[in-house]
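Colleague: Chains as they are written, first to last, in the UniProt record's numbering: chain A, 1 to 356; chain D, 1 to 356.
If you are wondering where the hints come from, they were derived from the structure by calculation, not from laboratory data. Please note that a few of the clues may not be correct.
[What the hints assert, rightly or not] Chain A side only, calculated, beta carbon under 7 Å to chain D, not exhaustive: (1) K122; (2) V154; (3) K156; (4) S164; (5) T218; (6) H219; (7) M220; (8) D223; (9) A226; (10) D247; (11) L260.
[Unchecked claim] Stretch by stretch, here's where chain D covers chain A in the computed footprint (C-beta under 8 Å, at least three residues): (12) 136-147; (13) 157-163; (14) 183-197; (15) 248-258.
Beta carbons: idealized from backbone N, C-alpha and C, even for Gly.
What follows is the residue order along each chain.
Protein chains: 2
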Amino acid sequence: MTYRIAVLPGDGIGAEIVPQAIRVLEAIGAKYGLSFTFTEGLIGGIAIDKTGQPLPAETLELCRNSDAILLGAIGGPKWDDLPTHLRPEVGALLPLRKELGLYANIRPCHTYDALADASTLKKEVLAGTDMVIIRELTGGLYFGSKGREDIDGVQKAWDTMLYSTPEIERIVRLAFETAGHRRKKLCSVDKANVLESSRLWRETVNRLAPEYPDIAVTHMYVDNAAMQFIRNPGQFDVVVTENTFGDILSDQASMLSASLGMLASASLGGHVGLYEPAHGSAPDIAGQKKANPIATILSAAMMLEYSFNRVAEARAIEAAIEAVLAKGFRTGDIMEAGKTLVNTEEMTDRVLEELA
Amino acid sequence: MTYRIAVLPGDGIGAEIVPQAIRVLEAIGAKYGLSFTFTEGLIGGIAIDKTGQPLPAETLELCRNSDAILLGAIGGPKWDDLPTHLRPEVGALLPLRKELGLYANIRPCHTYDALADASTLKKEVLAGTDMVIIRELTGGLYFGSKGREDIDGVQKAWDTMLYSTPEIERIVRLAFETAGHRRKKLCSVDKANVLESSRLWRETVNRLAPEYPDIAVTHMYVDNAAMQFIRNPGQFDVVVTENTFGDILSDQASMLSASLGMLASASLGGHVGLYEPAHGSAPDIAGQKKANPIATILSAAMMLEYSFNRVAEARAIEAAIEAVLAKGFRTGDIMEAGKTLVNTEEMTDRVLEELA
Ligand SMILES: [Mg+2]
Ligand SMILES: [Mg+2]
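Next comes chain A alone, as it looks inside the complex (with noise of 0.2 Å):
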């Protein structure tokens, strides 16, 4: 079998992460027998100098025509001033995922034992920490009709939360086989107390549930979960939510891991699902080899788990990335006292030597 991965390095580090993130498919791929292609794209900043448009339409056609994409990040202070829709993140990722209709973003919050004392929170609290947050991400508040009116000198300006039973049961039953692959808990996140779009959110939720005898299903209020993730994270499996509440949740919980540059993401939904790290392009340390490849590597192992069904083979690369941090080695993001202190390749260097 072969595997054609739409490759996008992007802007900043993504020059530098993605490359590490192939080397481990590659690795994986001669362990376990498995091929892929990896066809290379424009997109983000270097798009826009390049050819005049932040998503060129080769790279959209590209992506079409892949089995999966690798993106590593976009964006960078060069690019900030341009009109809004020429901006690599507006102008392209806004796009990229309506295209290929990315309507879930999955994000990970795994946190490593060895890396437990870098988070703000105390080591005992984030133990066993181990969810997935899945955020719907193309409907609700950001997307909405909205406006704005002008009567007798009083502006008023309002957004709408619309959701539709369609689009909440596509994401709600992702999240309920997403928990068939994990420990099974599923918690969906809502305020139905007073949203009506919450009300038909969790209707949704246990219609479909007696579908999926084996998992457990929760409600939790959106106020509550804030807290619930500071106050005890190890309680959660995977967590589904609307755009709106996920966002907030999902970059709440990227506190309860270590750095930015161990967070992997997904978007999901058509048939083709986009991959890249949660961090941007961290321009200040482009070129450097400073920057932490795990998150990519992580998003490359995510790609073999919901792209390709390749459980096994996504679970090596996580165990691999474990072992490194518990024998010590470091980016300098995660950098401690008594650690050694790799560069970008090193760090993969190691990674690849766990899975030889």
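Using the hints provided, position chain D with the ligands relative to the given structure of chain A.
Modeller: Structure of chain D with the ligands alone, referenced to chain A:
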């Protein structure tokens, strides 16, 4: 000067903690030459039991004719099965806020050195945390038009986040003024990169800022704020935000404290402010003298500061509590090995000793 206080103990531990705050107010009055009249009214479950109504007309009238309201807590399992409009929270608190025009909820979040070990965050992360969250309470997503439509078997449900300039202006002014009594930093939290209502919010903040030249204003996106509250809470002084974001962030911030039993709150806006602990009626420990009275005593201190502009008196109460904690006195909710367990009244006795 005599201040007329409406006293609404409510349900559960409310009847135990409210008298403690009154004792402290009386001591402050004797020391600083203020006098108070305290008039009790019924609210919540106990009001349902005695009058059939969670917010009797006499209680509302009492509140209207007072200078401030001291509330305990309302609700409990006994009244949970009543129809929604009769339930203590929906039937009493929402109409009370509405009738009194209380559009701003104020939640201080101050961490005590003596209790820093009790939070799930590391002591060094919490050091120096002393912020006030000002949440808009009567607009936004929870109160905008909402509904549901069934088109060919597809349900759609929506809620509207709506704000007008005057609604934003009044709460933002309150936030600027609050920052003026404090460390003179105001952080306005929104999602102006995607929401039109947030753009109007941010424009309004920026338009008013020149009127408060001594206040340093910053803007932060809500997802980033949820990260920063855990990453470095000491960076905040006054935070102002709309209803839903404030609901999530203030509950999240409550985890920075050692216990809900430490958290005061105020609801302001009209001519009479409402002061109450952030915790509930705790029916499980009611009547056992176990409740922590500090949140209610701190709410009385907020009353002195926000309703009566008696800032020195408020600071004296806060300092007394700090001293009592430093001496090792603890109610059950904040008890640790090596400290002295005290009951509700004994904790207040210690505070009064410090004030003497
Ligand atoms: Mg975000
Ligand atoms: Mg809340």
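Colleague: Next step is simple, just say for each hint if it's right about the structure.
Modeller: Tested hints:
Annotation: K122 of chain A was flagged as interfacial toward chain D, and the flag holds, the nearest CB pair being 6 Å apart, inside 7 Å. Interface hint at V154 of chain A: satisfied, since its Cβ lies 6 Å from the closest Cβ of chain D, which is below the 7 Å cut-off. Nearest Cβ of chain D to the Cβ of K156 of chain A: about 5 Å, under the 7 Å cut. The hint holds. A least Cβ separation of about 5 Å between S164 of chain A and chain D falls short of the 7 Å threshold, and the interface hint therefore holds.
Because the beta carbon of T218 of chain A sits about 18 Å from the nearest beta carbon in chain D, more than 7 Å, this interface hint is broken. For H219 of chain A, the interface hint is violated, since its Cβ never comes within 7 Å of a Cβ in chain D; the closest pair sits about 16 Å apart. Because the smallest distance between the Cβ of M220 of chain A and any Cβ of chain D comes to about 12 Å, over 7 Å, the interface hint for this residue is violated. Given the 7 Å rule on beta carbons, the hint for D223 of chain A holds: about 4 Å separates it from the nearest Cβ of chain D.
A hinted interface residue such as A226 of chain A counts as satisfied when its beta carbon comes closer than 7 Å to some beta carbon of chain D; here the least separation is about 4 Å, so the hint holds. Hint status for D247 of chain A: holds, given a least beta-carbon distance of 5 Å to chain D, under 7 Å. For L260 of chain A, the shortest C-beta to C-beta distance to chain D is roughly 9 Å, which exceeds 7 Å, and the interface hint is violated. Check on the region 136-147 of chain A: 5 of its residues sit with their Cβ under 8 Å from a Cβ of chain D, so the three-residue criterion for coverage holds.
By the rule of at least three residues with a Cβ nearer than 8 Å to a Cβ of chain D, the coverage given for the region 157-163 of chain A holds, with 7 such residues. A count of 5 residues in the region 183-197 of chain A with a Cβ less than 8 Å from any Cβ of chain D is obtained; the coverage claim is therefore met, three being the minimum. Given a C-beta distance limit of less than 8 Å, the hint that chain D covers the region 248-258 of chain A holds, as 7 residues qualify and 3 suffice.
Violated hints for the displayed structure, listed by number in ascending order: 5, 6, 7 and 11.
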